[in-house]
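Number of protein chains: 4
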Amino acid sequence: MKIITKKQVQNRLRRVEGQVRGLQKMVDEEKYCIDIITQSSAVRSALSAVEDLVLENHLSEHVIHQVKQGQEKKAIGEIISVFKKSKKK
Amino acid sequence: MKIITKKQVQNRLRRVEGQVRGLQKMVDEEKYCIDIITQSSAVRSALSAVEDLVLENHLSEHVIHQVKQGQEKKAIGEIISVFKKSKKK
Amino acid sequence: MKIITKKQVQNRLRRVEGQVRGLQKMVDEEKYCIDIITQSSAVRSALSAVEDLVLENHLSEHVIHQVKQGQEKKAIGEIISVFKKSKKK
Amino acid sequence: MKIITKKQVQNRLRRVEGQVRGLQKMVDEEKYCIDIITQSSAVRSALSAVEDLVLENHLSEHVIHQVKQGQEKKAIGEIISVFKKSKKK
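These protein sequence lines map, in sequence, to chains A, B, C and D. Per my numbering, the first sequence starts with residue 4, numbered consecutively. Per my numbering, the second sequence starts with residue 4, numbered consecutively. Per my numbering, the third sequence starts with residue 4, numbered consecutively. Per my numbering, the fourth sequence starts with residue 4, numbered consecutively.
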């Protein structure tokens, strides 16, 4: 992974970890259900943004390389599979 | 929140926290991008399942109560807003 | 369904039908793949907005009634099942 | 678009058009809200599957070509933008 992307991803994942602990605290303190769901949605969005960053890195690092090496089938198959996963939840 | 639901939600959120730390480790160890994205999607699914549990609790605890108290507008507005959030990411 | 909601839903579904025919034309005319995907995403958003309207109607018409009739289990089960479906794709 | 993909996409879009007309009929006939929402979700899934097909074609036809022509930035930017759109709704 590019160093700058790696740093960004690590920072975001640390923030996500903090948010998940925040969620646990909300549950412990019996916060209002709707607020818990809203906060959990925000964590999912943060993870989704991490995935965008990693995908962008994947495309520019690996896919370009794979295509130049003639491994096009593998490259395409993986992107499609990631695309399908991204649509769930 | 019902005690049994609260326990379930807490357990799941603890597991999610572990998964997020697992993701950080994958990034540190330069795992393959596609595997990181796949793992992050799995964490989002786990959070989404937590939201389903909390919503179910919300409906059976608060909404029923709100409807019986004549606070139907509030109840419906909140469900719709949660429904819209659930569709993002 | 409330008459005003019914009219809105019918108008939107007619527009969606036109958009789907527009998509067929784009494919026939060999438009750029990315533009076809973008247009198809827009149609899905339009359908999703229709579902929000119908859900809102459902909550205010049926759910309130079901709760008052003691059919809370049925009401909650259906909302949860719709909630799960809304998250796919 | 490859001829075989084009045929598949056209067939699916024709079926989607029929499904949208089916939805209109359900609304006209005052079918149960939950059934209308379920059917609309199915139409969105069908459109989403069409998008997967078109993306797969895009990757194997255009992206490979773009990479070989040095237009990597354009190729990656478009895939990321499609990826983000796919996650909405």
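What the hints contain is simulated information worked out from the structure, not anything from laboratory work. Careful: at least some of the hints might be erroneous.
Some, not all, of what chain A presents toward chain B, calculated at C-beta under 8 Å [what the hints assert, rightly or not]: (1) Q27; (2) I39; (3) I83.
Ideal Cβ positions, reconstructed from N, Cα and C, are used throughout, including at glycine.
Evaluation of the provided hints:
1. Annotation: interface hint on A/Q27 holds; nearest CB of chain B at approximately 5 Å, less than 8 Å.
2. Nearest Cβ of chain B to the Cβ of A/I39: about 5 Å, under the 8 Å cut. The hint holds.
3. A least Cβ separation of about 11 Å between A/I83 and chain B goes past the 8 Å threshold, and the interface hint is therefore violated.
Of the numbered hints listed earlier, the single one contradicted by the structure is hint 3.
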